[in-house]
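Visitor: Here is how the chains run, residue by residue.
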Amino acid sequence: DAKTTQPPSMDCAEGRAANLPCNHSTISGNEYVYWYRQIHSQGPQYIIHGLKNNETNEMASLIITEDRKSSTLILPHATLRDTAVYYCIVRAYTGTASKLTFGTGTRLQVTL
Amino acid sequence: DTAVSQTPKYLVTQMGNDKSIKCEQNLGHDTMYWYKQDSKKFLKIMFSYNNKELIINETVPNRFSPKSPDKAHLNLHINSLELGDSAVYFCATRRGVGGYTFGSGTRLTVV
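Order-wise, the sequence lines are chains U and P.
The opening residue of the first sequence carries number 1078 in the working numbering; numbering runs sequentially from there.
The opening residue of the second sequence carries number 7 in the working numbering; numbering runs sequentially from there.
Please note that the accuracy of each hint is not assured.
What the hints assert, rightly or not - Example chain P residues on the side facing chain U (calculated, C-beta under 7 Å, incomplete):
| hint | residue |
| --- | --- |
| 1 | Gly105 |
| 2 | Phe108 |
| 3 | Gly109 |
| 4 | Ser110 |
| 5 | Gly111 |
Since the hints were derived computationally from the structure, they do not count as laboratory data.
Yeah, the Cβ is synthetic: ideal placement off N, Cα and C, and Gly gets one too.
Okay, chain P solo, but in the shape it has when bound (with noise of 0.2 Å):
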C-alpha cells in the first residue's frame, strides 16, 4: 500500500495539451507538495497546500494549477503545455518537523 501515490508514471504528450498528474496520500499528512526535477537533476519547490489551502507558490507560471479536493490528494493540471515544461515532478507530504514523504515521481515528456 503505497503511501504517496502518483499517477501516472509516465506522461508524453505534445506542445500545447493540457494535462494532469494526480497524487494521493495515505498517511493523514496535513502538508502536500509538488517539486519539479528538471534535467539537470535540480529540485525546486512548486507549491504546497495546507488542508486543502494554498501555502506557497514558488513564481510558479499559471498555467501550472495545483487542486486539493480533500486532505490525502493534490492534482497539477498544466495548460498549454510547453517543451520546458518537460521533468520529473515529484509529490511530497510532510506531517509537523517530521521528514518528508516523496511519490515515486511523474516523467512528463513534451514533444
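Here chain U stands alone, though its shape is the one from the complex (with noise of 0.2 Å):
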C-alpha cells in the first residue's frame, strides 16, 4: 500500500470547516483512499473513501486531486464532537487479503 503524509495536528474554530490534507504521491491506481477517525480511546471510525472522483456523505467530503497525489478531507462545519486522531490510509483492495494500515495521523482540535 502506498506511503500517506499528513500533517500531525491542526487546530480549526467550532462552526468553521476543517481541511485535514494527506499527501499519497506514490498511489497507484487500484488504490482507494481512506479516511478514518479515532476519537479518544474508542474504536476507529470510518468516515469516507474514494477512488478518482470526489466523494461526500453526510459526516464529510473527500477531495482528491486529478493526479490522485493528494487528497482533503472537509468537514464542513466542525464541532467539538469532531476532536479526533484523523488517518488517511491507501489501500488496494486484494479480496480477502486486504487489510488496512494506519499511520500517526492528524490529531484534530476544534476550540469555541
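Combine the two chains into a complex, taking the hints into account.
Guide: Right, here's the structure in full:
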C-alpha cells in the first residue's frame, strides 16, 4: 500500500470548516483513499473513501486531486465532538487479504 | 444493537495467566480482524479471518491464538500473558471494498 503523509496536528474553530490534507504521491491506480478517525480511546470510525472522484456523505467530503497524489478531507462545520485523530489510508482492494495499515494521523483539535 | 461487540471491555490480569477476548458481529460481514493499539497509540493489525479461515497473521507470537467458531465470531485467546501484552485490542469487520467497522475495544492490563 502507498505511504501517506499527514500533518501531526491541526486546530479548527467550532463552526468553521476543517480541511485535513493528505499526501500520497506514490498511489497506484487501483488504490483507494480511506479516511478514519479515532475519538479518544474509542474504536476507529470509518468516515469516507474514494478512488478518483470527489465523494460526499453525511459526515464529510473527500476531494482527490486529478493526479490522485493528494487528497483533502473536509468537515464542513466542525464541532467539539469532531476532536479526534484522523487517519488517511491508501489501500488496494486485494480481496480477502485486504488490510488497513494505520499511520500516525492528524490530531484535530476543535476549539470554541 | 451494537454492530461489533467485544467482551470484556476491561481486563486486568497477572503475568502468566491465560485470557480470552470475545468479538461478535451482527453485520453479516465475511471478514473479521484483530488490531492492537499500544501505549504509543499505534494501531497494528494482528489477524484476519474470512469465513472462519485464517487469512492474515502478522508475525504475532504464537501465544496469541485467534479462533473463529462461525462467521459472526472471532475470539482471541492469549496464553502466558506478559507485561508487553498490555494494550487496547480492537475487533473489526469488513465487507468488500467498503469501510471497516470497529468494536469499542478491550483494554488489557497485565500486572
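Visitor: Double-check P/Ser110 for me: the hint is only fine if its C-beta lies closer than 7 Å to a C-beta in chain U.
Guide: Because about 5 Å separates P/Ser110 from the closest Cβ in chain U, which is inside the 7 Å limit, the hint holds.
Visitor: Taking 7 Å as the limit, does the beta-carbon of P/Gly105 come near enough to a beta-carbon in chain U?
Guide: 3 Å, holds
Visitor: Just to be careful: measuring from the Cβ of P/Gly111 to every Cβ in chain U, is the smallest value less than 7 Å?
Guide: 5 Å, holds
Visitor: Can we keep the P/Gly109 interface hint, with Cβ of chain U closer than 7 Å?
Guide: 5 Å, holds
Visitor: Identify whether the interface hint at P/Phe108 stands, where standing means a beta carbon of chain U within less than 7 Å of its own.
Guide: 3 Å, holds
Against the hints set out earlier in the document, no violation occurs for any number.
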